[in-house]
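Residue numbers (full-length UniProt numbering), protein chains in the order written: chain A, 1 to 249; chain D, 1 to 313.
Calculated directly from the structure, the hints in this document are not laboratory data.
Incorrect hints may have been included.
Covered, in the sense of this in silico footprint (three residues per stretch, anywhere, with C-beta under 8 Å from a C-beta of chain A), are these stretches of chain D [claimed, not checked]:
1) 26-39
2) 109-123
3) 152-166
4) 173-184
5) 206-218
6) 265-276
Bear in mind that the values here come from a model prediction, so they are computed numbers and not experimental data.
Just so you know, even glycine gets a beta-carbon here, dropped at the ideal spot from N, CA and C.
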Amino acid sequence: MKVLVAVKRVIDYNVKVRVKPDNTGVDLSNVKMAMNPFCEIAVEEAVRLKEKGVATEIVAVTIGPKVSQEQLRTALALGADRAIQVETDEDVQSLDAAKMLKAVVDKEEPNLVIMGKQSIDTDNNQTGQMLAQLAGMPQGTFASEVEVEGEKVKVTREIDGGLMTVSLNLPAVVTTDLRLNEPRYASLPNIMKAKKKPLETISPADLGVDVAPRLKTLKVEEPQPRQPGVKVESVEELVDKLKNEAKVI
Amino acid sequence: MSTLVIADHNKGELAGSTLSVIAAAKSAGGDIDVLVAGKDIGGVAEQAAKADGVNKVLAADNDAYGHDLAENLSLLIAEVGKGYSHLFASAGTVGKDTMPRVAAMLDVAQVSDIIGVQSEDTFVRPIYAGNAIATVQSSDSVKVITVRTTSFDPVAAEGGSASVESVESAHDAGLSEFVSEELAESDRPDLAAADVVISGGRGMQNGDNFKMLESVADVLGAAIGASRAAVDAGFVPNDMQVGQTGKIVAPNLYIAVGISGAIQHLAGMGDSKFIVAINKDEDAPIFQVADYGLVADLFDAVPQLEEELKKVV
């Protein structure tokens, strides 16, 4: 079966985010960028499916500026067979991203789409579900276990009260949660090999999608800082302050 | 304008989160109807009808909605939602799962996890794990919204007298089936709604040691949470994770034990009223957000804390 994995270039999760002084957004100049951590988990899951003999081909796709090819090369180094870049410098919102991915799905006809449950920049948690709807597929969101069984995929999902397992008809969309797997690192020989793997570049127009943001960001601000606290010397002092100063117990 | 609120419910009870979603919808203005979907949800619909500010409750009682399958629920919401200008749900796992499908069906954007309402089309939401706060305006004809419920004080659960109408349509997309679930059984308060939360991190060393936190939680009537590190290490189950991608909590008192305070964790508890940190590493970032910090070995401090609390609570 063919697996499509969608990946996104985002700010590295260790970087301290700075809001631009003019409040138009977050300062991404000279900031370390990386593959979204949930997308790394998605790539890893696809590679494991291939290692188990379930997947036969892994196609990685991203939407973004030219430099986001770096993240596709990472996916190729981790085990994807080929890559597609939808190149755009626009701010692509979830619905447009889902429409582009739908067009890629129409072309590639994968049996399974795996992607991160959310990107750590916009924290929307939308694109996988929107893609599933547009493509007429079922979805296994927030997955902690994925098992392909014939024409179905069984997905264990992390939900508010615990875990829930669903069985989905294929083709289906799976979005990854943290416990699905621990992504591997790309080895140097695989990084070298990845440079020779096919990477196709297309435009949103090739996919027939007009990038038209529906949401306008009016401003971006720093959160209210917390007032600095104090160190206490002992448990007795702590309990005394909780009772008599904070009055929360 | 008019708003349809999608209710959360659990074991035949209306979830408190729904009262906060109604509050958020109220601040956007307009009439508010509530959709309750599920199996055997008559009691939930009655409870929703008593919530303050509700105009009408629509009850869709059908097997197809019994396990919150997004493929089925989204079809129902899109159908019932016709004619409403706003669709509001909580940003719990059901809302996160379902509402983007609804938005895609309606060809509109979704605004996720809002923490504020500025006007009927302008909303405030955290981005970058809460390290930046964005104000966004939607130009779509229908606003599909999920709400961070800890940011809105719930409306009164009693006092309203809305009518209840049943919705007959049964949408089974035929794409997905429920197999099983493993739900945490606990007499403790719901983590996302508790007044006091005590959480453990990597410093707890193993799952057994969480019993120490349970003893403290018993004294305080607290819920128990965990950092991602503790969940990833297998100390405790996933539903206890507090953080950017786990549960968002904002209790009156949050006690972080053996938690270093990665930004992803702070994103999930930074709005707590009072934060206590107990950690043996005095440079741990958690101390930068703690109102009261205690540099100590948690294995000494937590049993002592239990004893001291017993004296005063």
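Evaluation of the provided hints:
no., hint, verdict
1, 26-39, "violated (count 0)"
2, 109-123, "holds (count 6)"
3, 152-166, "violated (count 0)"
4, 173-184, "holds (count 12)"
5, 206-218, "violated (count 0)"
6, 265-276, "holds (count 5)"
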